[in-house]
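Please construct the entire structure, taking both the sequences and the accompanying hints into account.
Chains A and B, in that order, are what the protein sequence lines are. 1 is the number of the first residue of the first sequence in this note's numbering; add one for each residue after it. 1 is the number of the first residue of the second sequence in this note's numbering; add one for each residue after it.
If you are wondering where the hints come from, they were derived from the structure by calculation, not from laboratory data. There could be a bad hint or two in this list.
Claimed, not checked - Quick list of in silico lysine-lysine cross-link-like pairs, DSS-like style, CA-CA up to 30 Å: (1) B:K253 with B:K182; (2) A:K110 with A:K273; (3) A:K274 with A:K135; (4) A:K135 with A:K483; (5) A:K234 with A:K185; (6) A:K110 with A:K135; (7) B:K182 with A:K599; (8) B:K253 with A:K598; (9) B:K246 with A:K598; (10) A:K599 with B:K108.
Since this is a predicted model, take the numbers as computed values, not measurements.
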Amino acid sequence: MAEIWGFWRNDNWGGRSWAFMVFLGIMVLHILAILLFTRGFLLTRTELSQYSQCSDVFDSPCFPPKNHNVNNSSRASGCWTKPSVDRLVIIVLDAIRFDFVAPSTFYTEKKPWMDKLQVIHELASQRPSSARIFKAIADPPTTSLQRLKGLTTGGLPTFIDVGNSFGAPAIVEDNLIHQLVANGKRVVMMGDDTWVQLFPHHFNESYPFPSFNVKDLHTVDDGCIKNLLPTLYKEDWDVLIAHFLGVDHAGHIFGVDSSPMIEKLEQYNGILKKVVEVLESQSGPGDLHENTMLLVMGDHGQTLNGDHGGGSAEEVETSIFALSLKKPPSSALAAFDKSTCQLDMQGRRICLSSIQQLDFTVTVSALLGLPFPFGSIGHVNSELFALAAGTWNLERLATHDRQSLSELDEWMQNYVNVLCINSWQVKKYIDVYSSLSLIGFSEKDLLHVSELYAQAQEFWSLTSKSSVLHENESSSTLLPAIKRQIEAYSAFLASVASLARSNWTEFNLKLMGIGFCVMLFSLFLHAFSIKRLDNLCGLYSPSCGDSRNTIGMIFACIAVLTRACSFLSNSYILEEGRVASFLLATTALLQLRCAIMKKMMLLEALALVFLVPFLRFSIELGQLKQAVSSLFLKIDPSRTLGINGDSQFWMSITQFVPILALLIVAYLLYKSIVCCSCHRILKYVIVGSLSNFLLIAIYWASNDNLLNLLMVPRAIRVNLIPRIIYAVGVIQVSLLAIVQLLVREKTLNLEGSTIFKVLALISAWSSTIIVISGKQGPLAVLALLIGGWCIIRLMRLEQDTDNNNSGSSLFYTLPVTQWNLLAVCMFFSTGHWCAFDGLRYAAAFVGFDEFNLIRQAILLTIDTFGFSHIFPIFGLPFLVACCCPPRQTKRLFSMRLCQVYLMYGLITAVSVTFTILCVTIQRRHLMVWGLFAPKFVFDVVGLVLADIMICLSSLYYIV
Amino acid sequence: MRSLGLRLQDEISHTLHDNQIWEASTLVHFKLFLYIVPLIFIWFYQQTKTVSKSIQTQTGLVSAFWAAQNFYSLNLLSNPAETLYLIWIVEASVVILLYSLFRHNPDKCSYFKAVGRALLGLPAGAIVNALGAIVLGAPVGLQHLRKTLHWSLLMSVLTFVPAASIFGSSWTDWHRIFAQTKPIGAIDYMICLPAHGAAIGAWFGAWPMPLDWERPWQEWPICVTYGAIFGYLAGMMTSFGFIVFKNWRRHVKRD
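Set out below in structure tokens:
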């Protein structure tokens with residue numbers, strides 16, 4: 001205890017070990033806060049790679065279908081359940097709202113987009129026992145990819161499914177399509193190419209069309225239509241999936257209440273009419289579509305603006321329309337009818353039922369007689385299942401005598417058996433999941449679920465016994481038992497679904513709150529350390545005690561807070577780069593005014609002022625790239641400069657300017673080692689980066705065919721040079737570490753040696769970062785150099801007036817803030833943005849052709865955070881070293897360094913704290929998965945990286 | 001005064017009957033300011049007769065503004081460039097003619113010389129303002145050229161032209177007003193505070209631009225212009241208050 005207290009004594013403050021401990025402590029706090037918050041916010045689920053097998057069902061306590069009617073089943077018997085449907089036509093209409101399908105009489109007011117799918121109303125009213133409109137309730141996140149995953153796996157995909165492969169979205173979990181293929185069904189797919197990405201090797205035939213271009217309303221739909229009707233006449237498939245995208249795209253572009261949307265719906269009405277005609281024409285006994293089921297469904301809804309992704313009722317409610325071409329007895333459906341019926345505009349009686357989208361997979365599996373996907377937690381929906389009840393009846397009429405059991409009883413027994421298998425499969429999944437997953441379910445919940453299951457099983461043994469006994473008797477006693485059994489299973493399945501929902505789709509507010517509080521605490525600790533160092537600093541140097549508030553300092557605080565508060569709105573997050581450049585420009589203009597007032601440093605102030613618009617132009621160019629891939633950013637194309645990129649002149653400019661900039665950077669570096677005297681190894685390091693720059697120039701020149709290196713094989717040209725550069729970079733950095741560890745030099749000129757250390761470290765990183773970030777690299781480095789130089793020089797403005805007031809931390813507030821704003825601008829102007837498509841994946845493959853997760857992830861990180869974190873943080877000591885009164889004591893110097901790093905860390909942490917706050921407030925926002933969550937992930941990763949780098953630099957710089 | 005208030009109310013209810021509530025409310029806002037400001041000035045004019053000259057400037061300025069709005073039914077939303085053009089023309093003529101009356105060293109410098117240097121100051125100030133706007137994030141491009149041009153001319157009228165006509169090329173005075181913000185006399189206040197008000201107002205006016213409300217006034221340079229004008233008027237009123245306050249102090253001391 002005494003030792004710990006001793007550590008906090010005043011004379012330790014500002015020392016290297018103290019600084020390292022403080023930075024480490026802050027980092028640990030940040031990581032703790034982030035982990036706690038993330039645990040509550042980013043719901044994670046582990047993907048299990050187990051698959052259900054056909055033979056698994058014999059382990060279950062239920063009756064597999066083969067035990068029943070082995071002899072007399074004419075067609076191929078099912079696997080887990082008795083198949084009641086032979087062929088399935090699934091038509092997915094992307095982003096179909098429930099009110100597109102439901103009759104307008106169910107709503108208080110008729111809107112122009114209602115009642116457009118008349119063919120569905122007609123069928124639902126004409127054959128109430130074999131056609132039914134369901135309200136399908138999806139689970140958030142309601143994005144197409146997650147919904148397709150959910151529809152096929154029967155699970156609840158989350159924002160981050162642990163086990164996701166890098167880049168490729170192919171589903172690794174057990175899913176409906178896998179089961180179809182594994183059980184010999186032939187699947188044909190047409191439409192949205194997302195399916196092909198999710199299931200690359202599953203389809204017998206596929207007609208994918210690009211879903212990328214949102215403005216294109218027709219390519220996917222026309223492609224579907226062209227292939228759909230001919231395929232319906234063919235025999236070579238069992239399941240057909242047609243995914244139409246027009247409504248989704250029309251919503252994104254025009255909104256729901258628009259004429260393109262209504263045209264799309266009318267077009268779909270026509271197509272559906274044709275499809276139904278074809279199916280009906282072939283539905284006679286022995287025909288192609290005798291036992292076919294048609295499902296017309298949406299994957300999610302949309303808001304009136306056409307957005308989706310969140311959990312609001314409009315987005316979650318979509319529709320499934322099911323039509324079985326064989327007419328079942330009305331009694332089966334009636335047994336579980338929970339529908340609401342109403343007359344539509346033409347006076348037809350239409351009934352609506354409700355289904356959870358979660359239950360879709362397992363119900364379809366049961367209809368087709370497939371094993372249920374391993375990870376499915378759905379519940380076989382009685383109403384959808386009953387629609388196909390007709391197929392058994394015909395058989396029963398042929399084989400059994402009429403007296404034994406009523407139709408209803410037999411159907412009920414079958415359904416109970418299916419539910420038994422269903423419950424057994426879900427229980428198995430829950431058990432396996434909680435034993436394998438890192439973050440499983442809580443003990444209490446698991447116990448509750450197990451109890452419910454045990455209860456249901458107990459009933460089951462009684463029921464099955466009695467049903468065996470009473471097989472040939474009238475079943476007045478049997479029916480209530482079966483009903484009770486169904487209720488027991490339903491209770492179990494419902495409790496599992498609610499448990500899964502609370503784990504995978506609901507935020508844990510308590511954990512989020514704790515995480516946020518820890519983050520706040522770390523902020524206070526940060527501020528306290530700065531204040532404390534400030535006071536101590538006053539003790540050590542008499543000149544820096546009085547801290548006069550300056551306009552610069554106040555404005556710095558305002559700028560940091562403004563930027564942080566701007567994260568509370570989604571529009572400012574989208575324009576984050578421009579906000580940062582606006583604030584940076586404002587500080588620069590203020591300094592320009594100050595410079596005019598004091599009649600000094602005019603050139604530097606002007607240079608900084610005119611650097612900002614260049615940063616902004618490149619930020620806008622980056623946004624333009626983003627606008628192509630993002631639906632949120634409605635950028636007007638007029639913002640771009642009218643440069644025609646194809647002309648010869650611009651081509652040559654883009655080839656030569658980077659190399660020229662590279663030469664300038666190299667020249668500056670060369671100048672700096674010529675005029676300085678320092679340790680020899682440091683000099684070697686810088687010479688190493690100079691030679692690297694030369695290599696980079698050769699590399700680019702050869703890639704652009706400016707240099708004729710054709711005799712050198714391509715593999716060497718393209719891959720060898722970057723690899724050499726990486727290797728040299730690693731050697732340089734390790735050399736610096738060794739120098740730091742082994743060589744203890746007593747230098748009188750502390751500032752000079754620090755500047756040189758910074759230079760060496762930055763030059764060691766620079767060649768790697770430049771080669772990864774490509775042609776824009778040297779320009780960005782140049783911009784960073786100019787910006788940094790201006791900021792450092794402009795510090796004199798304040799220093800001069802305050803007469804050596806530079807010891808106070810308040811003096812550094814404005815430069816550190818500007819440094820941070822510049823870093824943020826650099827992040828955006830090098831073509832990044834806070835979304836996963838903002839990562840420059842191409843950068844990860846500079847020098848390598850093949851994929852290796854760790855190696856490519858490291859390269860990608862360096863590319864993403866190189867200009868915004870590595871350079872600014874390692875270069876931060878320049879602020880202290882370049883602009884200090886000379887001959888300050890070692891102790892004072894390291895204290896100031898410490899303060900500057902603390903301040904930089906505080907500024908980063910404040911903005912992350914506000915991001916966290918914003919994400920908490922907006923967690924039910926429409927764009928939470930599209931915008932806020934990626935922003936949160938980027939910020940958090942950036943904060944942890946910044947903390948790590950601050951720790952390392954405290955070891956490296958602070959003496 | 002009461003009749004004026006009634007007229008105002010009438011006007012508000014009248015314009016709100018239209019369905020274009022949005023456009024109407026901006027107009028009403030504008031007119032509110034334009035009515036209220038001269039009202040206050042007139043009231044003050046009766047109270048303190050010592051600063052009559054500066055008041056004349058301001059009332060003249062504001063009524064010119066009002067005329068520009070009423071005679072031509074242009075507005076900023078539908079055709080920003082034309083409206084800005086009109087505003088700065090009217091504004092510039094009033095400002096130049098009035099401020100030139102208060103030129104420094106009236107003995108050495110004729111009235112026409114003051115007008116001439118104000119006219120020279122106009123494009124120079126426009127260039128500075130346009131550069132400042134571009135640094136802060138104004139869009140660059142041919143289709144924005146006209147809007148930016150007229151906007152920067154208006155800003156120049158609000159900020160640079162008065163100083164140019166009064167001080168000419170006297171660097172020390174410019175420096176005192178714009179870099180050090182140390183106004184001394186009544187004229188200094190009248191130049192310094194409205195100019196700073198206009199610049200700060202324009203800076204704040206840019207804030208709503210990135211929001212996704214999709215309102216027509218979020219376009220460059222409409223909300224920035226609103227911000228600048230409100231800032232300018234606020235600066236005017238503050239400077240007026242300062243002058244009145246100083247006069248009152250002087251009276252008290254004398255007594």
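Each hint, compared with the structure:
no.: 1; hint: B:K253 with B:K182; result: holds (23 Å)
no.: 2; hint: A:K110 with A:K273; result: holds (23 Å)
no.: 3; hint: A:K274 with A:K135; result: holds (24 Å)
no.: 4; hint: A:K135 with A:K483; result: holds (25 Å)
no.: 5; hint: A:K234 with A:K185; result: holds (15 Å)
no.: 6; hint: A:K110 with A:K135; result: holds (18 Å)
no.: 7; hint: B:K182 with A:K599; result: holds (16 Å)
no.: 8; hint: B:K253 with A:K598; result: violated (36 Å)
no.: 9; hint: B:K246 with A:K598; result: holds (29 Å)
no.: 10; hint: A:K599 with B:K108; result: holds (29 Å)
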